[in-house]
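Trainee: Heads up: the sequence lines are chains U and A, in that order. All letters in the first sequence, in the order written, are residues 1 to 352 by UniProt numbering. All letters in the second sequence, in the order written, are residues 1 to 352 by UniProt numbering.
Calculated directly from the structure, the hints in this document are not laboratory data. Some hints could be false.
For chains that are exact copies, the list does not tell them apart, and a pair is met inside one copy or across any two.
[Stated by the list, open to error] No farther apart than 25 Å at their CA atoms in a straight line, the calculated lysine-lysine pairs in the DSS-like style are these:
1) K225 <-> K31
2) K193 <-> K330
3) K80 <-> K225
4) K195 <-> K278
5) K28 <-> K225
6) K90 <-> K225
Quick caveat, the model's predicted, so the values are computed rather than measured.
Protein chains: 2
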Amino acid sequence: METLTSAGHSLYFESNLDALKTLLESNKYSKVFVLADEHTSEICLPLFQSLLDDFSEFDLIETSAGEENKNIDFCIGIWKTLLDFEADRKSLMINLGGGVITDMGGFIASTYKRGIDFINVPTTLLSQVDASVGGKTGIDIDNVKNMVGTFTLPQMVFIETAFLKTLPERELLSGFAEMIKHGLIYDKPYYEKLKASNYLIPAAEDIYRSVEIKNEVVTIDPHEKNLRKILNFGHTIGHAVEGYSLANDENPLTHGEAIAIGFICEAALSIKNSTLTKEELNDISGYILSLYPKYHIKKESFDTLFELMQSDKKNEDGNILFSLLEKTGKCTFNCRVSTANILSSLDYYNSL
Amino acid sequence: METLTSAGHSLYFESNLDALKTLLESNKYSKVFVLADEHTSEICLPLFQSLLDDFSEFDLIETSAGEENKNIDFCIGIWKTLLDFEADRKSLMINLGGGVITDMGGFIASTYKRGIDFINVPTTLLSQVDASVGGKTGIDIDNVKNMVGTFTLPQMVFIETAFLKTLPERELLSGFAEMIKHGLIYDKPYYEKLKASNYLIPAAEDIYRSVEIKNEVVTIDPHEKNLRKILNFGHTIGHAVEGYSLANDENPLTHGEAIAIGFICEAALSIKNSTLTKEELNDISGYILSLYPKYHIKKESFDTLFELMQSDKKNEDGNILFSLLEKTGKCTFNCRVSTANILSSLDYYNSL
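Looking at chain U on its own, in the form it has when it is part of the complex:
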């Protein structure tokens, strides 16, 4: 077992959930609730229980899978369920699932009776390398991602790679995009290592390095006043494309597919508004397109995408602010970019 101390809580990389077992046996909590979606309750919960010696002293709260259900209606339903089940301030909530579960479960726990303890057990690659670290909780409102939320740290986070074996290829690729991002913004050798690796069998040490990078950044700047903004590289355009796709496409893009588009567009912005070279852009675009399916960003969606970018949380004084690459492995933030350049970056992606 390896342990990484994050700002105020512990991250456990392990195969036996020992620390959780000890905590549950300590009788610190009056009741334990496990939040899962219909998939994780079927596929991950049995493994989770077996890793905890057939742990069964909990109430299961099941929600529907999918980003479209990370909304206030589900929150209200779960708050009321907690009340019906007589959850008090000494109750514990264990969020077992992907980012939807850990984001929403964290928000619910951090606000129920003004806050109860929660533990995240991310079961997807995406949530292991992204949502697991940094204390962001949140829900979407009207397709605006994480419009409402808190900064609240879980008591513990468990990263158990055994859960990944249950994931379909498309899910693995989605999480892999965040790992690529960590390389692009912070660690060029790691980016090169990932390029040579097989995303279908992500190595535990690569997952560890990704979590380590994110943890380093959020420990320096927990409330995203400055440095933490670099983690949003690819996300200004990526989130907009993701929101649009979710609302309009029959088979919407995954988060990773959307931010991968964002990487290309924002790398294109980086050669105009920062110091990235054309060669580096070509390398990034080539690698991304070798992994992720090409998407067509419709001309008629540009206005909507632009509106979605305007509600991005990084913005200030009405300006859309980007995090851009200075070079592969180094990122800057608070970059103002002209509307024309934003639009031409979308055109650039389409032209590939």
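With chain U's structure known, arrange chain A on it following the hints.
Mentor: Using the frame of chain U, we list chain A on its own:
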């Protein structure tokens, strides 16, 4: 101007809002929003603006007055309004009103885009001596008070007694109950002083003392792990009666009227389950009934009241926990009380 430093923010007692003027002129904020209800926007906003040299650089968000509107639907509406008005993370929200506005406005601000700054300008006696201090934000769900909320400190709190001149007598009495509570749980001489005072013209120094007591308690225990629970004296039964009345009475009890009933019932519990004397109970009951109208707690409401008490946030492991008086001016907490004693305390109140 007097200033009291609370845990992490400043409380200003003053007549000119100088510190706020300086803050607003500093250009620290990209946009300023004022949240008010239909009464405070009409009655208090002009005074507020004049105290700030006719301040007008803000967007007004108006909500409906009354506890029944401190709900998630209004929150959703206001979150969306903030988004429509392009509020970003550098926006400031000023909550101008009573406890409904400061509780709900604080919750909205503490969760919008994971938290923006807010300032409380309490305009009722109740919110000046209670909601103004301690960083509790919250909304009600299904008549369960403050079921969802956060502990988040405002940047500043301004206590301006000029607002009180606009209040009807019943509102003043409602706030006065919290002042009486501060005396009962923490400061017998202050309680005796209040008994000799005129609640219709609350003295600034008495308001100050009340805020000081609350501030002392919440600074020691901001997250209500122990000592802060004494501030709930009268509230376990009081909140239940208030919730029941809100749902069933044509002219519901005010918060102060409800907790005043709670003071009597819980003082009656205190002679059985703590060390309060019968003489002290008689003194408290006599004083409360000289100020507050007698209410009849219906026999058929007892079950519902009991259920409401069971969802009280102080409870642990299914036990209803009370804060009880050891003597006038001293309070203890985490007291378990039998169901029979709870019911007979309601009978005691009815018998007066």
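Trainee: All hints are to be evaluated individually against the structure, with a verdict given for each.
Mentor: Quick rundown of the hints versus the structure:
In this homomeric assembly, K225 and K31 come within 25 Å of each other (Cα to Cα) only across copies, at 17 Å, whereas the closest approach inside a single copy is 36 Å. Taking identical chains as interchangeable, the C-alpha atoms of K193 and K330 lie at most 25 Å apart only when both belong to the same chain, with a minimum of 16 Å there against 66 Å between chains. Taking the shortest Cα distances, K80 and K225 sit within 25 Å of each other only across copies (23 Å), while inside one copy they are farther apart (34 Å). Only within a single protomer do K195 and K278 lie at most 25 Å apart by alpha-carbon distance; the minimum there is 19 Å, versus 79 Å between protomers.
For a Cα distance limit of 25 Å, the shortest separation of K28 from K225 across copies, 14 Å, qualifies, whereas the shortest one inside one copy, 35 Å, does not. For the identical chains of this complex, K90 and K225 are inter-copy neighbours only, at 10 Å across copies versus 32 Å inside a copy, given an alpha-carbon limit of 25 Å.
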